[in-house]
Amino acid sequence: MEPGWLSAEEWQAVVLSLRVSFWATLVSLPLGILVALALARGRFPGRQLLNGLVHLPLILPPVVTGYLLLLTFGRKAPVGSFLYEAFGIVFAFRWTGAALAAGVMAFPLMVRAIRLSIEAVDPKLEQAAATLGASRVWVFLTVTLPLILPGIVAGAILAFAKAMGEFGATITFVSNIPGETQTLPSAIYSFLQVPDGDAAAFRLVLISVSIAMLALLLSEVVAQRVARRISGR
Amino acid sequence: MTLDVRLKHRFAGFDLDVAFRSPGGVTALFGRSGCGKTSIVQAVAGLLRPDEGKITLADAQLLDTARRIEVPVHRRRMGYVFQEGRLFPHLSVRQNLLYGHWFTGGGTATELSRVVDLLGIAALLDRAPASLSGGEKQRVAIGRALLARPRLLLMDEPLAALDEARKAEILPYLEHLARESEVPILYVSHSLAEVTRLAAHVVVLDAGRVVRAGPASAVLSDPLAAGTLGAAGSGALLEGIVLCHTADGLTEVRIAAGTLLLPRLTAAPGSAVRLRISAEDVILSRQAPVGLSALNILPAEVLGLEPAGPGRVLVQLQLGSDRLLASLTERSALALGLAPGEPCHVVLKSVALASSGDAPD
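Here the protein sequences line up with chains D and F, keeping their order. Using our numbering, you'd call the opening residue of the first sequence number 1 and step up by one each time. Using our numbering, you'd call the opening residue of the second sequence number 234 and step up by one each time.
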């Protein structure tokens, strides 16, 4: 099923990367919206702490983030062993762990985009909705959410692109196992380590660049379309 | 439906401390910008939580800080028309109008068509808010508030953001609404013209306090409220009936004290009109004047005199069952020997039409 110009190993890395990034984005999206809401609108003690925590992966060396994930979600680590015993969920050296690492690394970008769009929503519109009988939940669903949709789309696509390129934290946390945790960047890295891997690495680089470009283009088109619909023109 | 409001709130810079009652119909909150009008309306809607207060609408407690009662905004059913419209940009005009339907059940097909006709917005239904003019937006905002089946309509300077032409476009709809609607209206304005056209009841505010409250005709002809209303603003509001149109281009209007002649009105004979006579347009005479060009001369009685600035007095007069204000110099008041109970004649230099009974086209 893989195209003829790619080896099975290369194709495997492409498919795995897409799967890891897809799940990383999908699972972190609801959480990203909640955190963005809390940061944009919340007035609670520890808001700055939350803000710092969310942005930490952006400024820490990826190796450090990967190592911290290992310390937290490893099989023998506190959270990791609890998740395994309670739900049978394993992150260490699995593709799910790659998705977790990618999600954590992409999270600041996602939250930032969504938060900006929330801050751009005029609270006066939400007040108007409340006077018309909408409770807070309904105000969010019928006014806030549709108005921040462009930000959510932009945040999700940005996170997806970032997840596709994640390397440092992933390789530290879940290593570089072909077929399980060897994503596109890990595969490129591996091919560059062997004497005649240059051609394969170059093919993967091309794919990597195309996917990134495609994601960016798509985000532009979708965001524009959504913005047009929302502003009512 | 009576609305009882008692509020105390400390803002940076000024204290709001008001108590008033609105007996239903259109009640205007009138005063300069920054006197606390909007804060009052926000508190009634539940958008502002006052330090202390009690708000009762008919038999429903909306707020009672002493008993820790505070009905949340979305359960108060206050139709709020904001100064800037605040239409939802992502919804069409029709969807905006029907927004309250999801929560209040208002906006059935009959209600929708009635409101759409009342406001003349049938042609706009499928448009997007961004493509509407200021006046159109405001009419849609009024319709949206009405279709949420409000118990009370709060209108916070709905015309303030519009130019004169747009105001003139909407005022007839508001007049029509004020007459037709069973929903009481709390109307915030700093424009005397709007208040005299629409309100049956007026609450005059100044620096967070109620200066005067009562029926519109009584408040506007009250010399004590003149300080807030301004000399040009104070005057009288008279109800009249159009009698006939004369051959020489005038209209006869009957008021309580007699008949007035006005430049030709469009209102048909038999229809009710509201007339405004500014205190500065009234001349007093002790004897029945003769040989004057003024057409409208009526007998009246002096009720009281009130100083109004350096060298000027406001004279309150009884004109039939109506009250009238005249602005005079102190010197003329002395020369005429005006005192409470003295008879005199009023000469009206001009009488303005405040509102007519015509429905908007």
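Derived by calculation from the structure, the hints in this document are not laboratory data. Source: prediction; values computed, not measured. Be a bit skeptical, because a hint or two may be false.
To be verified - Partial chain D-side listing against chain F, Cβ under 8 angstroms, derived:
no.	residue
1	Q48
2	G74
3	A120
4	P123
5	K124
6	L125
7	Q127
8	G133
9	A134
10	S135
11	W138
12	V143
13	L147
14	S190
15	L192
16	I230
Every residue, glycine too, gets a C-beta built ideally from N, C-alpha and C.
Here is how each hint holds up against the structure:
Interface restraint check: Q48 of chain D against chain F, minimum CB-CB distance 26 angstroms, threshold 8 angstroms, status violated. The criterion of a C-beta within 8 angstroms of any C-beta in chain F is not met by G74 of chain D, whose closest approach is roughly 46 angstroms, and the hint is violated. With a least beta-carbon distance of about 12 angstroms to chain F, the hint placing A120 of chain D at the interface is violated under the 8 angstroms criterion. Of the supplied interface hints, the one on P123 of chain D is violated, with its beta-carbon coming no nearer than about 10 angstroms to a beta-carbon of chain F, more than 8 angstroms.
The beta carbon of K124 of chain D is positioned within 8 angstroms of a beta carbon in chain F (closest approach about 6 angstroms), and the interface hint is therefore held. Because the beta carbon of L125 of chain D sits about 6 angstroms from the nearest beta carbon in chain F, less than 8 angstroms, this interface hint is met. With 8 angstroms as the threshold, the beta carbon of Q127 of chain D comes within range of chain F, its nearest partner Cβ sitting at about 6 angstroms, so the hint holds. Contact between G133 of chain D and chain F, as hinted, is supported at the beta carbon level, the nearest pair being about 3 angstroms apart and thus within 8 angstroms.
Taking 8 angstroms as the C-beta cut-off, the interface hint given for A134 of chain D holds, the closest approach to chain F being about 6 angstroms. Nearest Cβ of chain F to the Cβ of S135 of chain D: about 5 angstroms, under the 8 angstroms cut. The hint holds. Interface restraint check for W138 of chain D: the shortest CB-CB distance to chain F comes to about 7 angstroms, inside 8 angstroms, so the restraint holds. Given hint, V143 of chain D at the interface with chain F, holds; its Cβ is 6 angstroms from that chain's nearest Cβ, closer than 8 angstroms.
The criterion of a C-beta within 8 angstroms of any C-beta in chain F is met by L147 of chain D, whose closest approach is roughly 6 angstroms, and the hint holds. The restraint placing S190 of chain D at the interface with chain F is violated, with a minimum CB-CB distance near 48 angstroms, outside the 8 angstroms limit. Hint status for L192 of chain D relative to chain F: violated, with the closest Cβ pair at about 49 angstroms, above 8 angstroms. The beta carbon of I230 of chain D comes within 4 angstroms of a beta carbon in chain F, closer than 8 angstroms, and the hint placing it at the interface holds.
Violation of the numbered hints given earlier is confined to hints 1, 2, 3, 4, 14 and 15; the remaining hints are satisfied by the structure.
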